[in-house]
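Protein chains: 2
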Amino acid sequence: MNTLLDLIFSRHSIRDYTGEIIKNEDIELIVKAGMAAPSAVNVQPWAFIIINKKDKLINLSKLLPYAKMLEQSGAAIIVCGVPDKDMHFANKYWIQDCSAASENILLAAHSLGYGAVWTAVYPEEKRINDVRIECNIPNNIIPLNVIAIGVPKNKNMIPIDKYKIENIHWNTW
Amino acid sequence: MNTLLDLIFSRHSIRDYTGEIIKNEDIELIVKAGMAAPSAVNVQPWAFIIINKKDKLINLSKLLPYAKMLEQSGAAIIVCGVPDKDMHFANKYWIQDCSAASENILLAAHSLGYGAVWTAVYPEEKRINDVRIECNIPNNIIPLNVIAIGVPKNKNMIPIDKYKIENIHWNTW
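Residue numbers (this note's numbering), protein chains in the order written: chain A, 1 to 173; chain B, 1 to 173.
Think of the hints as simulated: they come from the structure by calculation, not from any bench. Be a bit skeptical, because a hint or two may be false.
For chains that are exact copies, the list does not tell them apart, and a pair is met inside one copy or across any two.
[Said to hold, decoys possible] Simulated pairs of lysine to any residue, SDA-like, Cα-Cα distance not exceeding 20 Å:
no. : residue 1 : residue 2
1   : Lys155    : Asp26
2   : Lys92     : Glu124
3   : Lys62     : Gln72
4   : Lys155    : Pro65
5   : Lys92     : Glu125
6   : Lys56     : Glu71
7   : Lys68     : Ser13
8   : Lys68     : Asn129
9   : Lys23     : Pro152
10  : Lys68     : Arg15
11  : Lys162    : Asn42
12  : Lys23     : Asn139
13  : Lys92     : Ile128
14  : Lys68     : Ile158
15  : Lys85     : Lys164
16  : Lys155    : Asn171
17  : Lys53     : Asn171
18  : Lys92     : Pro123
19  : Lys85     : Arg132
20  : Lys85     : Pro138
Extracted from the complex, chain A is given alone in its bound form:
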């Protein structure tokens, strides 16, 4: 097995962090990995808000029902969709494109030794609105998720194996 596959299979959601701050160059590299994702017709209908101020992390942890771990994370990345980036493709495909970028972010964080977890914002209207106000996000930009990233407290967690042969079909359903 190669290293990338090892990392894909060993990545899992991590919600307990030491509280250590993440270096700016690491968080920028992680966002850069997000931007390397494919997008429909290469429109790149995305933007990224890096949160590394403690008060902002705490505010977001209070606003979002399943994001309490942000209190102890070293940073967070809000992956935002830009559906009006072009006339056709961005609006149809921004969720898919931003989700591919989010998966790159999770893998990049894991490869650098950090733990991360994707907490959903879109399509929950209240969460979208609360995050928009907290981070001054324009109305044409949609926060898809808030990804918490931190130094994991427990480095020995074993990911569950999610392989299910019944989810595979050959040539026809």
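Following the hints, complete the assembly by docking chain B onto the known chain A.
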């Protein structure tokens, strides 16, 4: 830079293949990487159709307007959403979850030396219907995309750098 980041940054869409068949164990490993993606509340609202019969690849290449490369690919994976997998989360998040799985598939293919490209099906109604009929997909299952995978004809293509500093905001928009 670590190997995973190298692979994330060197991955790009590849549409020209030699026509060689992909080994079953490789394509299964690639699908397994897809299943290692995160999903909302770990519902795993997905299923995967592996296409490796030449006639099926050719039929799909004719049905889909931007998937002519399937004629020469060694295989394809149709990533399908299962929105009724549970009562709440699958329906809201299947597009995000299946897109994360699709990105894992693209990266896994790249790490094994194959080239791949994500061709969209959902939300185009005609494409969904055509793929559904060709592959006998039930009405409650939605084909999100068809990912073509093959041995690349040209191994020396350089990916474009998609990093844009203007897409990054710090702590607030």
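Identical-chain pair category, Lys68 with Ile158, by Cα at 20 Å: neither (22 Å within a copy, 41 Å between copies)
Copy assignment of Lys85 with Lys164, given that the CA separation must stay at most 20 Å: between (38 Å within a copy, 14 Å between copies)
With 20 Å as the alpha-carbon cut-off, assign the pair Lys155 and Pro65 to within, between, both or neither. Neither: 26 Å inside a chain and 47 Å across chains, both beyond 20 Å.
Within, between, both or neither: how does the pair Lys62, Gln72 come out at a Cα-Cα threshold of 20 Å? within (12 Å within a copy, 52 Å between copies)
Cα distance capped at 20 Å. Does Lys85 pair with Arg132 within a copy, between copies, both, or neither? within (18 Å within a copy, 30 Å between copies)
Is the C-alpha distance from Lys92 to Glu125 at most 20 Å within one copy, between copies, in both cases, or in neither? both (19 Å within a copy, 12 Å between copies)
Using 20 Å as the alpha carbon limit, work out where Lys56 and Glu71 are close: within a copy, between copies, both or neither. within (9 Å within a copy, 51 Å between copies)
Go through the copies and call it for Lys162 and Asn42: within, between, both or neither, with a Cα cutoff of 20 Å. The answer is between: 9 Å across copies meets 20 Å, while 31 Å in one copy does not.
Classify it for me, Lys53 with Asn171: is the Cα-Cα distance of at most 20 Å met within a copy, between copies, both or neither? Classified as between; 7 Å across copies, 50 Å inside a copy.
Is it within, between, both, or neither for Lys85 and Pro138, if the alpha carbons may be no more than 20 Å apart? Classified as within: same-chain Cα gap 13 Å, cross-chain 34 Å, threshold 20 Å.
Treating 20 Å as the Cα threshold, decide for Lys68 and Arg15: within, between, both or neither. within (9 Å within a copy, 43 Å between copies)
Can you give me the call for Lys155 and Asn171, within, between, both or neither, at a CA distance of at most 20 Å? neither (40 Å within a copy, 28 Å between copies)
The structure is inconsistent with the numbered hints 4, 12, 14, 16, although it conforms to all the rest.
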